[in-house]
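Undergrad: Using the sequences and the hints, build the whole thing.
Chains as they are written, first to last, in this note's numbering: chain A, 1 to 100; chain B, 101 to 598; chain C, 599 to 1237; chain D, 1238 to 1438.
To be clear, the hints were calculated from the coordinates, so they are not data collected in a lab.
Please note that a few of the clues may not be correct.
[Claimed, not checked] Simulated pairs of lysine-lysine, DSBU-like, Cα-Cα distance not exceeding 30 Å:
1) B:K534 - B:K461
2) A:K96 - D:K1376
3) A:K94 - B:K459
4) D:K1338 - A:K96
5) B:K425 - B:K581
6) A:K94 - B:K511
7) B:K511 - B:K459
8) D:K1409 - A:K94
9) A:K94 - D:K1338
10) B:K511 - B:K425
11) B:K461 - B:K511
12) A:K96 - B:K511
13) A:K96 - B:K461
14) D:K1338 - B:K459
15) B:K534 - A:K96
16) D:K1409 - B:K461
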Amino acid sequence: MITLQEYLTVAALLFSLGLLIVLFRNNAISILMGIELMLNAANINFVAFSQSLGGLAGQVFALFVIVAAAAEAAVAIAIIVLMYQNLGTTDVEKAKNLNG
Amino acid sequence: MESLIPVGLTDLQGVYPALNLAVAGIVILLLDAFFPMRSKLLSAWITLIALHLSFTCGLHRLTSGMDETFFHGAVRMDPFTHAFTVIICLASTLAVLSAPKYLRLRDCHYAEYYALILFSVSGMLLFSAAEELIMLFLALETMSIPVYCLVAFTRDNEYSTEASMKYFVMGAFATGFMVYGVALLYGSAGSGYFADLPRGAASSPGLFYSGMTLVLIGFLFKIAAVPFNMWTPDAYEGAPTPVTTFMAEAVKAAPFSGMIKLLIVAFGFSQAVHLWMPAFIGIAILTMVVGNMVALVQTDMKRMLGYSSIAHSGYILVGIVASVKLNSSEALASVLYYLFIYVLMNAGAFGILILFSHKNKDTNAIDDLVGLGRERPWAAAFMGIYTLSLTGIPPLGGFFGKFYIFSYAIKAGLTPLVIVAILTSVMSAFYYLKIIVAMYFREPSDPQHPAAFSYEGYSVFLIAMLCFTAFGVIYFGIFPKTPLTLARLAAASLIPAP
Amino acid sequence: MILLRYIILAPIAALLLNLLFGRFWSKTTTAFLACGAVFVSFAAAANNCVYMIRKLAVPEMQTIFDPVFSWISVGRVQVPVDLVFDPLSCVMCLIITGVGFLIHVYSVGYMSHDPGFRRFFIYLNLFIAFMLILVLADNLALLFVGWEGVGLCSYLLIGFWHTDMKNASAGKKAFVVNRVGDLGFLLGMLLILAVFGTLSVTDLRELISTAASAMTPASTAVATTICLLLFVGATGKSAQIPLYVWLPDAMAGPTPVSALIHAATMVTAGVYMIARLHFLYALSPVASAVVAAIGAATALFAAVIGLAQNDIKKVLAYSTISQLGYMFLAVGVGAYTFGIFHLTTHAFFKALLFLGSGSVIHAMSGEQDMQRMGGLRRYMPVTYWTFLVGTLAIAGIWPLSGFFSKDEILLSARLASTPVLSGAALFAIGLCAAFLTAFYMGRLFTLTFFGNSRASEETKHHIHESPWTMGGPLILLAVLAAGAGFGLRQFENFLSPIFGHPEEAPHEIKLAIMAVSLLAGITGLALSLYVYLRRPDIPRKISTSASLLCDCIANKFYIDELYEKTVVRLVYIAGIVSHAFDKHVVDRAVNWTGGGLRFGGFMLSFFQSGNVGTYAVWFLIGVLALLHAMGGVHPPPAP
Amino acid sequence: MIILQTLSARLPDILFYLFAGLSLIGAVQVLCRRNPMNAAVSMVVTVLSIAVLYILLSAYFIAAAQMIVYAGAIVVLFIFVIMLLNLSAKEIGRRRYTLFKAFAAFVAAAVGVSLLPGVRGAPRAISEQPIDPSFGSAKTVGRLLFGEFLLPFELTSILILAAMVAGVVLAKRDITPNRTFSPVDAILDLLLKSDRKDKSP
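TA: The following block contains the structure:
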């Protein structure tokens, strides 16, 4: 029997995988993917709660998160392109001129 | 047949300050698309007028004590929100005033700058009005996304690109946590409305407290509390100075509104307070100590002000903790007053940096200011006022801001916290005075060729901004009554008198 | 009625204008603005005074209250900036702005060739503003702001020609001595706050008038402590024993400053403060008696020193100290009205004397030594005649104003009985001081204006009457100094809402004292005229036969040296010790702390590696810590 | 037959485990694949599996949106940029395993574990059948969007507009227009239209 807990566990695992991707990948695009996964994990939570509570608000929330994720991705892609133009790389570890 | 869109004109009027700004932003974009003018001053003026309208609307609503909800309770326009409307619009106005000449010097004076600022500010205003989690989240995104772009606005500057990248990565990372927290809170309470959240603690405390923590982390990131502060100095240093001004004030002040509201309305019941308050006290201490300590070794003023802004977040956190502990609107009012003064003095300090920025180079290093007192006594005097106020020297505004916050914190029995705050304040005097020493007492390393201070960043807008901030820091320090009265009015709507 | 804040705002506005735009306009405009602003204040104060006199019959209209704003309010501690205009502050206001205006006009002439012209007027206006804050303040905290403010202006103006090392150190001396006094004042204020919970004079008066019936010995002791602490502040500001030493040195400043600050207004702040808090002093007979005794002692002591000074301004400075002693004597024996009346008349004649001396110094090309003057009567008729009025007034010759005020003080002293000194003793001291005053003033006058000129030819060549900007104020002040005495009864009536009517003395005693004090004045003057005109050998003889005494007097009883030897030496030793401590312990500690902090900052800044991946890790550590701290991992049970 | 019956009865469970597993495998692939293109394709797998999970939760509209927006737009955008910038595996760089990375992994795992107790506290079961057949349909969600959540919905328009402007400003090489508009010229044109026309050759 699949309960809410299974869904939440999957979400938590996905979220942790997202975290790991952000931490381990140096590539800005991959980091972005990690962040998208984190948002997706949150969305699974929203939809699962929506179903279990019997209210649709959670689904609407999920929809808004998808929209926000899309907006973030658009800006992120622009920043990555700019970074490639200015710094010649998309490796975030190579961009550390600002420090201290 | 039920009406599909059961909202009326009153709802739109209710969110007028934000709506007005968004419309102005669209107008700017359209104007620029169809009538592209060489000078972008028209856009600047439209921005200023729109901000002014929202400002006056907020002020008027604040004095008239309007307190209503709109859009099915998604937003609540209460005096607390109005106060933040006023502070945010003021801060943004100051940032916009400082922008045109600097952007022209950097060859990136585009109308989009103003549109983005306006979108961001409209997000902030809705953010401070939000009564519901998803509204809060979307407003936060609307506020942040334009800023990611603004940081990289000088597009061929690698520092600014790097700053933007770091700010974005960390910002999106924090957003991920916050959304996850929102999901958990929604799951525990079954609703996104702040007022409904406490019942989540009863039904499923596990979800609730995890959610509370993650949502608060989102806020702590935005206000740059340690250890979520790492992006601040880098982003502040790399961003174009007017954008730094915007970030250090508006983008800094706005998150406090949502955080305070959430802390009091949703997490204000005693069980939750017992959990988050010690954590906040710890964070406040860390923030003050780390912010001030690292600022000591900085040589770049923008970076130093970045760390100092971290430290100031710590002081404000002290005020928030004190006001929740005392459950006193007066204490909360002192937080609002502090934010107001902070906006003024910080904007001024950045304004001076903009005033002396050159065509291809900023004047950011403290060493660049050597001899300013002799060469440009007025600018040096203004800078002196801002720095002294940031240090907290009476009778300037910064002193009273700290004084009020600390005295309420003592009243709340947070004496150890206040001791740390005062000690770190003293520490801060070292690096603020470094600026004054550089301006007045240090001899240029090469006496034959003292630094030439040309007002390349001069513009009427900027001068107006500097005069206003300097005047404000002095005037509202000596006569704190008006802002304090308004702040009390605002705070009383969140913490009703017992 | 004009709102009180405008009385203060006028000079502030003028000084701001001069400060900001002064370089763009001429000296004339600067002077016009500065003088005009003080005149505006004067007119406003006078207008309010007239308004108040009209309403005097209605008790609650006797004060004008102007709550400007609430400055600090944290919980119970409220420091509102409230201004209050009652007969007492009215008198003070009129003196400050009236005499201040005349001195401003005088300074236009006196300072006309000074490169620091604009700066001078900015300081003067600032001084007037602070002085007005001091007298108009309803709150002791605000009064203290004015108190410190006038002090600040005083140091700035003493050291006005700060290229001169001596002047700068005179400013420093005034600063240091006043710190001692201010410490007392501050302690007194804090004690008041602790005991009464308020610093508002109005509230204090109400509190005390309701509580006066329930005085216990303990509360009397508290009142005495408060009063004595405040009096320490007053001795500092008003140059009384033992803190008088700074005033003679303060004469290093420009003469109009000496007239305005060190004769007419600032130095009377102590007297004003005691009069303002008279209800408090009324609770403590001991404190009042101490005030009277110190006042009387200072009056005599300073007069004696004044006998042997040769610097014209130094004589006047000691005379000021002595006259201030009279005022303290008066307020000490409870004759507040007469104390304030003497303050008023003294403001007139002493300002007149100082300005006259300034006129003389101006004419003598900066010469201040009386032994190089003489015979100026012929060259400077206006100065001569006005100076004569001033001298007669201070000597207490009927019908000039000094006679009335001094006579009333002596009378009150005679009738008083205090726990420290009997009324008769106080009276005797006062009378002696009066005689000496007449004598040294006669000496000063004779040496300056009569006889033959002892100046060098070159100086003599330059002697000229002063311009009208200097002469005009002299004449006006002379008229005031001459005629003010006749306003005594009206003055009494005017101040009666605050101090009540003084009781009538028996007629015969009154007459007797009048006669005695007049006699003292006349004999003093006559003796000095005789000695210094006809028998100039007598002083020389005395100084040879009683050289020890004369040296003593001429060297101000070696008080400065005594202080030098004891206090200053002690402070010096303490300074050496603390310097060593500072250098070896504190400095090192500070350096280490500073270094430690910087090192800490340096280390912490390593965390800011610039690598966004590391930032994320620190972020996660924060998340982890908060999840544990805020109950995400171990949630508390549902309520 | 029995097996089939059991299977059909347990179908939602099986589907859940299948697609939950797929989504996690996809995520692990994103983490481990060095070639960004492979990572992006794995991302598509994850995103689509999540969409199926949504369908299992009877969130049909969200599932559709997830497919269209994520698989259809966002990931395509990623792939587009990867190709545009021509990011090769070399460009992505070697992975450096340092002590700090191990520490980071530990912290991330700890955070993930710390999030689990909350899950255990969630008591409610997923309802087997939706109460209302229209639950999660475009119509019901749309009603909410235009009713209770109208303001957030409108706010997303500003959000997307801002993101669009931001993207254009940052990524477009030259955003200054070739011809600029001058109000003075425009007014002159209006006033002197005939003259100018006459003068023009």
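Undergrad: Indicate, hint by hint, whether the structure satisfies it.
TA: These are the hints, each one checked on the structure:
Between the alpha carbons of K534 of chain B and K461 of chain B the distance comes to roughly 22 Å, so the proposed pair stays at or under 30 Å and holds. Under the criterion of a C-alpha separation no larger than 30 Å, the hint pairing K96 of chain A with K1376 of chain D is inconsistent with the structure, at around 49 Å. A threshold of 30 Å between alpha carbons decides the hint, and for K94 of chain A with K459 of chain B the separation of about 28 Å falls inside it, so the pair holds. Between K1338 of chain D and K96 of chain A the alpha-carbon distance is near 18 Å, which keeps this suggested pair within the 30 Å criterion.
The suggested pairing of K425 of chain B with K581 of chain B holds, with an alpha-carbon distance near 24 Å, which does not exceed 30 Å. For the proposed pair K94 of chain A and K511 of chain B, the alpha carbon gap of about 49 Å is over 30 Å, so the pair is violated. A threshold of 30 Å between alpha carbons decides the hint, and for K511 of chain B with K459 of chain B the separation of about 51 Å lies outside it, so the pair is violated. At most 30 Å may separate the alpha-carbon atoms for a hinted pair to count; K1409 of chain D and K94 of chain A meet this at roughly 24 Å.
A hinted pair counts as satisfied when its Cα atoms are at most 30 Å apart, and K94 of chain A with K1338 of chain D qualifies at roughly 16 Å. With a C-alpha separation of about 10 Å, the suggested pairing of K511 of chain B with K425 of chain B holds against the 30 Å cut-off. Annotation: proposed proximity of K461 of chain B to K511 of chain B is violated, straight-line Cα distance about 48 Å (limit 30 Å). Between K96 of chain A and K511 of chain B, the direct Cα distance comes to roughly 44 Å. Violation of the 30 Å bound is thereby established for this hinted pair.
Straight-line distance between C-alpha atoms of K96 of chain A and K461 of chain B comes to about 20 Å, which keeps the hinted pair within the 30 Å bound. Note on K1338 of chain D and K459 of chain B: the hinted pairing is violated, with a Cα-Cα distance of about 42 Å set against a maximum of 30 Å. For the suggested pair K534 of chain B and K96 of chain A, the alpha carbons sit about 27 Å apart, so the restraint of at most 30 Å is met. Using a Cα cut-off of 30 Å, the hinted pair K1409 of chain D and K461 of chain B holds, with the two alpha carbons roughly 24 Å apart.
Hints 2, 6, 7, 11, 12 and 14, counting from the list given before, are not met by this structure.
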